[in-house]
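Undergrad: Construct the complete structure from the given sequences, taking the supplied hints into account.
Number of protein chains: 4
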Amino acid sequence: MRIFRLTNGESTFQYAVVDGKVFELGVDPVKALISYANGKVIGLGAEVNIDVNQLLSRDYRSSGLRFTKPYDPPEVWGSGISYEVSRRRYSEEGEVARIGELTIYERVYDAERPEIFFKATANRCVGHGEPIAVRGDSEWTLPEPELGVVITSSGKVIGYTIIDDVSARDIEAENPLYLPQSKVYNGCCAFGPFVVTPDEVKNPYSLQIRLRIIRSGKAIYEGEVSTERMRRRIDEQIKYLIRNNTVPDGTILMTGTGILPGRDAALRDGDVVEISISGVGTLTTPVIKLKVE
Amino acid sequence: MRIFRLTNGESTFQYAVVDGKVFELGVDPVKALISYANGKVIGLGAEVNIDVNQLLSRDYRSSGLRFTKPYDPPEVWGSGISYEVSRRRYSEEGEVARIGELTIYERVYDAERPEIFFKATANRCVGHGEPIAVRGDSEWTLPEPELGVVITSSGKVIGYTIIDDVSARDIEAENPLYLPQSKVYNGCCAFGPFVVTPDEVKNPYSLQIRLRIIRSGKAIYEGEVSTERMRRRIDEQIKYLIRNNTVPDGTILMTGTGILPGRDAALRDGDVVEISISGVGTLTTPVIKLKVE
Amino acid sequence: MRIFRLTNGESTFQYAVVDGKVFELGVDPVKALISYANGKVIGLGAEVNIDVNQLLSRDYRSSGLRFTKPYDPPEVWGSGISYEVSRRRYSEEGEVARIGELTIYERVYDAERPEIFFKATANRCVGHGEPIAVRGDSEWTLPEPELGVVITSSGKVIGYTIIDDVSARDIEAENPLYLPQSKVYNGCCAFGPFVVTPDEVKNPYSLQIRLRIIRSGKAIYEGEVSTERMRRRIDEQIKYLIRNNTVPDGTILMTGTGILPGRDAALRDGDVVEISISGVGTLTTPVIKLKVE
Amino acid sequence: MRIFRLTNGESTFQYAVVDGKVFELGVDPVKALISYANGKVIGLGAEVNIDVNQLLSRDYRSSGLRFTKPYDPPEVWGSGISYEVSRRRYSEEGEVARIGELTIYERVYDAERPEIFFKATANRCVGHGEPIAVRGDSEWTLPEPELGVVITSSGKVIGYTIIDDVSARDIEAENPLYLPQSKVYNGCCAFGPFVVTPDEVKNPYSLQIRLRIIRSGKAIYEGEVSTERMRRRIDEQIKYLIRNNTVPDGTILMTGTGILPGRDAALRDGDVVEISISGVGTLTTPVIKLKVE
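Chains as they are written, first to last, in our numbering: chain P, 6 to 298; chain X, 6 to 298; chain V, 6 to 298; chain S, 6 to 298.
Hints are supplied without guarantee of correctness; some may be wrong.
[To be verified] Cβ-Cβ distance ranges computed for the label pairs, FRET-style: (1) G14(X) <-> V90(S): 44 to 52 angstroms; (2) E117(S) <-> T17(P): 53 to 61 angstroms; (3) D24(X) <-> E298(P): 34 to 42 angstroms; (4) G14(X) <-> E298(P): 38 to 46 angstroms; (5) R273(V) <-> S158(P): 48 to 56 angstroms; (6) G69(P) <-> S221(V): 49 to 57 angstroms; (7) G44(S) <-> S158(P): 31 to 39 angstroms; (8) R66(X) <-> E205(S): 31 to 39 angstroms; (9) T17(P) <-> R273(V): 44 to 52 angstroms; (10) D77(S) <-> K45(P): 31 to 39 angstroms.
[What the hints assert, rightly or not] Below, simulated DSBU-like cross-link-like pairs (lysine-lysine); rule was C-alpha separation at most 30 angstroms, straight line: (11) K294(S) <-> K161(V); (12) K26(X) <-> K26(S); (13) K36(V) <-> K36(P); (14) K223(V) <-> K296(V); (15) K294(P) <-> K223(P); (16) K45(S) <-> K244(S); (17) K36(S) <-> K207(S); (18) K296(S) <-> K161(V); (19) K296(V) <-> K161(S); (20) K207(V) <-> K161(V); (21) K244(V) <-> K294(S); (22) K45(X) <-> K207(X); (23) K244(X) <-> K294(P).
[Said to hold, decoys possible] Residues of chain V placed beyond 12 angstroms of chain S at every Cβ, according to the derived structure: (24) T12; (25) N43; (26) K45; (27) N58; (28) V90; (29) V206; (30) P209; (31) G222; (32) G228; (33) G267; (34) R273; (35) V277; (36) T287.
Source of the hints: derived by calculation from the structure; they are not laboratory data.
Idealized CB from N, CA, C, for every residue including glycine.
TA: Here you go:
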């Protein structure tokens, strides 16, 4: 099963895809995911007569129905430096924070405890076709394409999604104490177009993640990574996320990035970011640059 | 005006103190604070016949009415290294993260951009007489007594409160990337007993903050600082908090700590933390040690 | 436009039919009707892929999607003796209440003030395919097929529907003071399958209303009447309904019956009642007999 | 226990009187009454410092706190002709509806089945100090002072109150089919000031009900009756009310009137109606005359 939502700009409409057919979903999507994880399909209404591919080609400037966030996640958290590449690349950047000889990224990569950080609330997230943002005070903001897992408050995985941990890398690089400002702001996070149930994903460690940054119709960056390169296992990340920290049902955990474009791929107003995960879909989001009032 | 809430363990009851008298408050406390900031007292009901001092002496183990959080804050954020003492003390701790020669704390202290971090949601906060927590995996957790400001989404200050940014210093010290884990967990934040309107505080830069850690009836730590030692002005902190980051009305910003007990003051199960701010009140919270399941 | 709802037994799904196509309806149906009356179509979602006729053939015992009430009406009111036939037939029944020489029905028929009575709340109403009821203490209960008008609190007509003012005629006949008991009980009212907007009805005084009572597959009663025989005009009925009596938006007024089956058509458990109004649709409801506990 | 509510014109505040002390009530009043009937006092907050008698002297024109409805009843129903006096007086009025030789009132008085009628919803009810209304098209409207019982959906009595079944007697007298118009309109029902739990009433059949209609400071009518004269027992009334008719928890049943002022006591704009029931309290309501728009 996969769930998604459409909007007409005023109301949202929620759906479940079951056996290739699209049905209305009459219950809260998180409830439906929990129920599905327990073996029950609940809340299906009528089959709807829509062309999903055609709808996926529309964005927030289209009139009529278009995609939006699959649901409103109460909290989004991230796990960092879970791929070897991220340890390396982060540590290569100019002046890096070090503790003794090692960079803080090298340290966390090798440590038992993962990096876990607060990323977003629902109102800071956007969906497919909706604009992610570059902070007005950032010149170097990058997408971080990741596999997102939807969990219950007890840490059970009830869904997978594509998620973009958009990050103001220049602010983050200046001082690790600026991490929240580089990570949490309006339009800092996109996810969707779907949340896919675990039975459709089977092995989350054999997924191909692809990133393309498109400017004026041309890809200015392309990269990919397999989730088999994820060093921190998802259950380990979840274990630390929920340790003495009760998260609400439907919380999303971003499992870390393994694709790191350089400084020359800094997002600009008007760019389009396209992230694909094999078997999960393709998340496309335009980019807007915010202003500092 | 000052607002507070009591609970009987099942329901909560909200009040406003006006001219020394306690009245029921019939509207949402944040709405009442916004209205008061605009010159109007709203939502008052009957005067209640309670002995506030006697109620302040009770805690979460008392039966009957007792204090709880003054309201449910949608988000709590913190600002760090805003006092000179914090810059110094943090930088003295064993192995500290450095960028070049300077510690990350020294850097942020001198930088234009303050440290801003996500601290808590309502369910992670406790009120007066309710237990703050030490993570099960922390051996060195400290209270951070601070002046809290309640703001609107446009950054207007509508109230002041005493707030405790309880922090797992050992986890934080290990790697700055662990800051969220040291800061955000169940029982990581206490505030209250009251939210006090700006007219009662007048000058937020001339308040005396006092901290006492009490163990078996004896103070094992006492410290104090004046908010005049706050280097980062509150409006500057707020400016960065809300830059491209829409916070909900009623968000609390913790303005930083100027009292830093050492490693020997690590909180233990059964301790009591007492924080006073002149003219604002005294926030008392027992301490419990969580378990790692 | 016409609106309706389906249920899967747990959730309800609301729809609007526009230009012959069925769309999801993302806003409250009463809001949609008010908006439509003001010239705006609002809240449409995706087109749904359903066979309305096939769905109309199902009832409350079917598994899967089926029809239910088009919306939950806050109040349902009735107007009585608005057709000449009702004046006559009611007055012919055995011992009838009289004031002076005239029966109370003759009196009200000729009077300036119409009979207006409270009929039902949402929980006492059923929809297409759902069972209407015969009270456990009634041996002679009849359907009263009527044109229903959906109005706003200011009395504006925003929709038409088929409505069945099921009545325990024996209880009513015993004493006019028993009217509420004959009229108001669980399952006393059915309406639907659709609410149709005024532009689809055009002239409410030229509609053909047909009633069939079906027992064991055979029609044991058939009757019909045209709304042109309605003596009390709808706006006059509404005028008295809302005089000094504020009704909520979405209130339904039943405009009176012009078809009166006799005592031999008394509804029995297992019967099916079928009411058609030209251009509005056909409302089919099974009948169940309640028990007196 | 007795419950009541105050309003400041914008918010309402609910209270419970226990052992002569007034406490805030933190739970829904109907829930509190159900719980109390099951032996548990729930939802009490702080004692409030109010002078109930002084508050009872205020009305809807007073600024500051004043009484309002004790709660919002989902439905109010009435039972008629339950006192012998009502049978007689009603039957004496000019042209009365008769079935055969007997008036409909004489008939219902002697019949097994009582008269049960729908009276009001919450928005049509007022509380102590709030205005009851005379319809714009009625010249002869009278108060009907009654004992009200608050019941659960299963018919259990969880409270008693004073209730005024204000009735447009001229409209009702014209034709029994006009009963709903004489009974149901804006401001047709007042109840309060309190709902009293059954343990405080003990014997509902030994209560003295007193009515005074005051005009320009002088009583123009005074009457009284004891509930021992009630012929229809309350449980019998309830039995018929809920027979095949599910009412919501907190529904009020008016148990009938035994005081019937004549035509010369017709209520006028500016009158005050005062109803007392021994041990239950005194309900005072001003009178306003509505207009026919």
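Undergrad: Any Cβ of chain S at or closer than 12 angstroms to G267(V), or is the non-interface label fine?
TA: G267(V) clear of chain S: closest Cβ-Cβ about 20 angstroms, beyond 12 angstroms.
Undergrad: State, for the Cβ atoms of G14(X) and E298(P), whether the hinted interval 38 to 46 angstroms holds or is violated.
TA: 45 angstroms, holds
Undergrad: At 12 angstroms, judged by beta carbons, does P209(V) keep clear of chain S as stated?
TA: Check passes; 23 angstroms lies beyond 12 angstroms.
Undergrad: Would you mind confirming whether the straight-line C-alpha gap from K223(V) to K296(V) stays at or under 30 angstroms?
TA: Measuring from Cα to Cα gives roughly 26 angstroms; hence the hint holds.
Undergrad: Confirm or reject: K45(V) is not an interface residue toward chain S, with every Cβ-Cβ distance exceeding 12 angstroms.
TA: 27 angstroms, holds
Undergrad: Is the straight-line distance between the alpha-carbon of K26(X) and that of K26(S) 30 angstroms or less?
TA: 19 angstroms, holds
Undergrad: Please verify that the nearest CB of chain S lies beyond 12 angstroms from V277(V)'s CB.
TA: At about 21 angstroms from chain S, V277(V) clears the 12 angstroms cut-off, so the statement holds.
Undergrad: Over 12 angstroms from every CB of chain S: does V206(V) meet that, or does the non-interface label fail?
TA: 27 angstroms, holds
Undergrad: Against chain S, does G228(V) keep a CB gap of more than 12 angstroms to every residue?
TA: The claim holds: G228(V) sits with its nearest Cβ about 23 angstroms from chain S, beyond 12 angstroms.
Undergrad: Take a quick look at T287(V) and tell me if its Cβ sits farther than 12 angstroms from every Cβ on chain S, holds or violated.
TA: Its Cβ never comes within 12 angstroms of chain S, the nearest being 27 angstroms, so this holds.
Undergrad: Is it true that G69(P) and S221(V) lie within 49 to 57 angstroms of each other by Cβ?
TA: Given about 50 angstroms between the Cβ atoms, the range holds.
Undergrad: Quick check for students: does the CB of N43(V) sit more than 12 angstroms from each CB in chain S?
TA: 22 angstroms, holds
Consistency note: the structure conflicts with none of the earlier hints.
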